[in-house]
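Chains as they are written, first to last, in our numbering: chain U, 1 to 383; chain F, 1001 to 1661.
Treat the hints with caution; some may be incorrect.
[To be verified] Distance ranges between label pairs, derived from CB positions: (1) F:Leu1616 / U:Ala122: 51 to 57 angstroms; (2) F:Leu1075 / U:Asp30: 20 to 26 angstroms; (3) U:Gly354 / F:Val1242: 23 to 29 angstroms; (4) F:Pro1080 / U:Ala245: 53 to 59 angstroms; (5) U:Arg51 / F:Gly1154: 47 to 53 angstroms.
[Said to hold, decoys possible] Okay, derived cross-link-like pairs now, DSS-like style, lysine-lysine, Cα gap no bigger than 27 angstroms in a straight line: (6) F:Lys1083 / F:Lys1513; (7) F:Lys1050 / F:Lys1568; (8) F:Lys1083 / U:Lys311; (9) U:Lys196 / U:Lys126; (10) F:Lys1510 / F:Lys1049; (11) U:Lys311 / U:Lys37; (12) U:Lys84 / F:Lys1049; (13) U:Lys252 / U:Lys311; (14) F:Lys1445 / F:Lys1516; (15) F:Lys1516 / U:Lys84; (16) U:Lys277 / U:Lys45; (17) U:Lys252 / U:Lys383; (18) U:Lys74 / F:Lys1083; (19) U:Lys358 / U:Lys311; (20) F:Lys1445 / U:Lys84; (21) F:Lys1516 / U:Lys74; (22) U:Lys201 / U:Lys277; (23) U:Lys45 / U:Lys252.
Bear in mind the hints are in silico, worked out from the structure with no lab data behind them.
Yeah, the Cβ is synthetic: ideal placement off N, Cα and C, and Gly gets one too.
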Amino acid sequence: MTRTPGSRWRGRYLALVAGALVLVTGCASDAPQDTFKPAGPYAQKIDNLARPVFYIAGVVLVLVFAAVLFVIFKFRQRDDDANKVPHQLHGNTKLEVLWTIAPAVLLVGVLVPTLATVFDLARKPKDPIQITALGQQWWWEFQYPGTGIVTSGEMVFPAGQTVLVTVSSRDVIHSFWFPRLNGKRDAVPGRFQTVKIQADKPGEYWGQCTEFCGLSHANMRMRAVALSPADWERWQANQTAAYAAPTDTLAKAGEAQFAARCASCHQINGLLGTDGKPIIPRDVPQVSGAAPNLSHLMSRSTFAGAIFDLKLPECTATNTEVTGTPVECLNRSALAAWLRNAPGQKPMVPELKGDPPKGRGMPNLNLTEQQIQELIAYLSTRK
Amino acid sequence: MAIIERPQPSGPLELAPAAVVTSRQSLGVFHRPTTESGWRSWLFTVDHKKLGIMYGVVAMFFFVVGGVEALFIRLQLAAPNGKILSAQTYNELFTTHGTTMIFLFVMPMAAAFGNYLVPLQIGARDVAFPRINAFGFWCFLGGGIFLYLSPLLGGLPDGGWFAYAPNTGPIFSPTHGMDFWTLALLITGIASLTGSLNLIVTILNMRAPGMTMMRMPIFTWMILVVQFLLVFAIPVITVALVLLSFQRLYGATFFNVEQGADPLLWQHLFWIFGHPEVYILVLPSFGIVSEVLPVFSRKPLFGYPFVVFSGVAIGFMGWGVWAHHMFASGLGPISVAVFSATTMFIAVPTGVKIINWIATMWGGRLWFTTSMHYAIGLVAMFTIGGLSGVTHAVSPADTQQTDTYYIVAHFHYVLFGGAVFGLFAGFFYWWPKVFGRMLNERLGKVGFWFMLVGMNLTFGPMHITGLQGQPRRMYRYADGMGFNFWNLVATIGAFTLALGVLLFIINALKSIKGPKAPLDPWDARSYEWMTTSPPIAENFASIPAVHGLDEFFHRKYEEDEVTGQLTKVATAEEILADQEAHREAHIHMPSMSYWPLVVASGFPILGLGLIFNTLLAIIGAAVIVGGIFGWALEPPTAPEADQGNDPDASGGTPKELASVG
């Protein structure tokens, strides 16, 4: 079969487009926040809508580039005869009306499915799992209404079920985003806005605050874990279990340290003060008025805005969301470094300013090494 | 106002009130500046050409400043967990990079072109209000200097160029940086507002005889659209900035959520300004390439009316799309649907322009000068930015894309591939007109390829990292996210790009001793080429009448009515000689003045006073008020400022500027 020069060019363009698509999609094999790898129906709906638009845009791009290249080669000046002046064509109204209408028609074709998807994604689900996600500088809190469960940095939910996340903020605007589960929704202080998410399979999903929220915006990540229905029940049971006082002496000392030095900001459910009453932080010296709840810290794999590993990456223990991280898997050095000087590990503004004084982030508590070891021993029992 | 025509005055000029105030001694104390050379001639000038050059030089300086900031940002992001910059410094640099590039480079550079070229393109001797023109320039410079005083006085602004409330409030941004930012933008806003009113009045009132609106050069048309956008957009940002500075300086609660405020108010105000601003940035460049492409294709602009009206349409539709910056902020499905639709359809007039540019080249004889390289580069690169823009209009997809590097990629293709390439096309095209010297074409083309390759290496990969989930405005990213490779490529691209800009600066400096430019180096088409290069102080010896679009071209070439063949009937030199033979007598050019500089210098002082010390604010306000009185009592034209060489040569009606500006 003989090929015309035109078809050879066409082949090259196709190869170029294919290559570009491979680059865009193929290089993403190790990207946990890839928008091209939807893991649930809502992200999938966006992907189904966006992909054809990318292809259409690609085709238009190729057409325009082809036209530009054609013009460049075909109509280039080949001699220096200044007296050769081309025909002074001023326009062609019919043609111009045509290429005004053509893109408009094409865009209507894109607009109709866009609007359908907008309203589809905005529809409220029936009997969803409810989670409230509250942003503050620079971590996320997840509350499970009606259960008393509060986590931070990590959101646990059952796979295969729709979760309606109510998003808000305690200070500045943040944005809630798990790219593989749905598009983002801004967390605006004073507003409670919802976004549906769903993961088809149990697994780990990564997300990030995507609205610039000040100094440590880059350090405000989050992790979502979808569990099987059975694990989900076990997780809830563990999170609502009664407070288990530590037994070994080091951890007991840590409990006292925590009550004295940490509990004015960090809640641990059921921890009793010297007066025998539960310690509940009331006047947290933070602009947001909140610090992460540490009741079940060991059920999480990360800490401090999900930027440090709490569970050693090489740890083979599974299902630690339900069972808690085993002591041998605890990333002691990272936790110790944090306790030694938190603002040295993550840029924060703990300076207490204003009246009453309020900071933004955890201050350096000037703990001794002994105190640090005691606190780690205590925290490692918070499963 | 404007140019008035009056019978030849028989006696002394009757402009000045017959009081004690004479034009030489405006307030009885200060002698009016008259120096025609040296630095004083620049400091106190009201000549739109000198002011245009000053706008250009200062804007270029800020382009380098903003570019160096970008290079630091790219160095920090070259590898995961970058340690070159602290979080605070990084946040400051991306804030000032955006602010500098938009408010201190692209806008004033477009003002440089507009100021310099519009009077020349419409056959005016100057703008309508020459002193206000000078005032605008000094406000722009004052605002720029004011912004960069902040690192000396408490820190650079750190809230992003978009300055979303409440993160820019006094609690969350406790340094003085954002105070400097708001006040600096208020000061440059004065420059934009006065400049835009000035150019609107100039374009509507001071066109050469015969130049109807639809015979105006397309660049002037696009500048006119931009000035209208400015007139309506600047007040909106001014309101927002005043509210924010009241909150920061005086404890007002406009954006304080605890007091019941809704922080989305800021976003609406900001983007109602911010989206028209995009067209403010890019339409001047569209005007430039619409001049450059026809000249180097040796054909008229294809569908001039379509290009004009699509520019006007963009100007109107640009007001109805702002909320597409807020698709993730929770507007509700109805608003999202409406703004999706409007955003898609603004692509139509933009697409029309691109196709018309290609049609302009179609069937022409393309001459690949450096200017033409940049113009074609704009057509190609802007297409990429426009198409990625359409993918944002698909609002569910935008909830994945917004605040990621995909957006950064998009608007850099629009603003670098669009606005900046257009400006560079303009540099190479009008350099001989402005300076009477040629830029080196070979060096220019090398620079172009560095910039083209550099920008694609820098911004192209950001499409990929953005869709892979890399958010913007993060001073570091974690390892293992799939971001590493393309970020390194982008950093290499940024330095390639910077090399291209450096080559241009070298080219510009070398042109000082470069070859003298011929009168009509490009076989140009429009009106501004009918005078000397650089133009004489009064622009034209006599104002040629206009008979159609591309007046200059049609004076050079005559079309055979039967065959359509064109034959050259006159050279540029002959056309100029003919004009000079009819030199008008008694051309009164506006005289130099201290007052624009004096009044403008009061604003940064006032700003510093608002931040630090009320006494200083009073001094600044006094300078402004006193300067305005000096200005008002100074007649616009000194009687001896007659540019006519031979007052008795012609009997025509003299023109004089009786401007209140």
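Comparing the hints with the structure gives:
1. Remark: the range hint 51 to 57 angstroms for Leu1616 (chain F) to Ala122 (chain U) is upheld by a beta-carbon distance near 52 angstroms.
2. The hint said 20 to 26 angstroms for the Cβ distance between Leu1075 (chain F) and Asp30 (chain U), and at roughly 24 angstroms that hint holds.
3. Distance hint check: the CB atoms of Gly354 (chain U) and Val1242 (chain F) are about 24 angstroms apart, consistent with the given range 23 to 29 angstroms.
4. Between Pro1080 (chain F) and Ala245 (chain U) the C-beta distance comes to about 42 angstroms, which lies outside the given range of 53 to 59 angstroms.
5. Taking the beta carbon of each, Arg51 (chain U) and Gly1154 (chain F) are about 49 angstroms apart, inside 47 to 53 angstroms as hinted.
6. Using a Cα cut-off of 27 angstroms, the hinted pair Lys1083 (chain F) and Lys1513 (chain F) is violated, with the two alpha carbons roughly 44 angstroms apart.
7. About 34 angstroms separates the Cα atoms of Lys1050 (chain F) and Lys1568 (chain F), which puts this hinted pair outside 27 angstroms; it is violated.
8. Pair hint Lys1083 (chain F) plus Lys311 (chain U) holds up; C-alpha atoms about 25 angstroms apart against a cutoff of 27 angstroms.
9. Distance hint between Lys196 (chain U) and Lys126 (chain U) is fulfilled; the C-alpha atoms sit about 11 angstroms from each other, no more than 27 angstroms.
10. Taking the CA atoms of Lys1510 (chain F) and Lys1049 (chain F), the gap is about 21 angstroms. The hint holds against a cut of 27 angstroms.
11. A C-alpha spacing of about 26 angstroms is found between Lys311 (chain U) and Lys37 (chain U), which places the hinted pair at or below 27 angstroms, so the restraint holds.
12. About 34 angstroms separates the Cα atoms of Lys84 (chain U) and Lys1049 (chain F), which puts this hinted pair outside 27 angstroms; it is violated.
13. With a C-alpha separation of about 22 angstroms, the suggested pair Lys252 (chain U) and Lys311 (chain U) falls inside the 27 angstroms cut-off, and the hint holds.
14. Between Lys1445 (chain F) and Lys1516 (chain F) the alpha-carbon distance is near 20 angstroms, which keeps this suggested pair within the 27 angstroms criterion.
15. Restraint check for Lys1516 (chain F) and Lys84 (chain U): the C-alpha separation of about 26 angstroms stays at or below 27 angstroms, so the hint holds.
16. Of the pairs offered as hints, the one joining Lys277 (chain U) and Lys45 (chain U) is violated, with about 50 angstroms between alpha carbons and a cut-off of 27 angstroms exceeded.
17. Between the alpha carbons of Lys252 (chain U) and Lys383 (chain U) the distance comes to roughly 15 angstroms, so the proposed pair stays at or under 27 angstroms and holds.
18. Proposed proximity of Lys74 (chain U) and Lys1083 (chain F) is contradicted: the alpha carbons are some 51 angstroms apart, above 27 angstroms.
19. A distance of roughly 31 angstroms separates the Cα atoms of Lys358 (chain U) and Lys311 (chain U); the hinted pair therefore is violated under the 27 angstroms criterion.
20. With a C-alpha separation of about 25 angstroms, the suggested pairing of Lys1445 (chain F) with Lys84 (chain U) holds against the 27 angstroms cut-off.
21. The suggested pairing of Lys1516 (chain F) with Lys74 (chain U) is violated, with an alpha-carbon distance near 33 angstroms, which exceeds 27 angstroms.
22. Between Lys201 (chain U) and Lys277 (chain U), the direct Cα distance comes to roughly 42 angstroms. Violation of the 27 angstroms bound is thereby established for this hinted pair.
23. Our distance criterion of 27 angstroms between C-alpha atoms is broken by Lys45 (chain U) and Lys252 (chain U), whose separation comes to about 51 angstroms.
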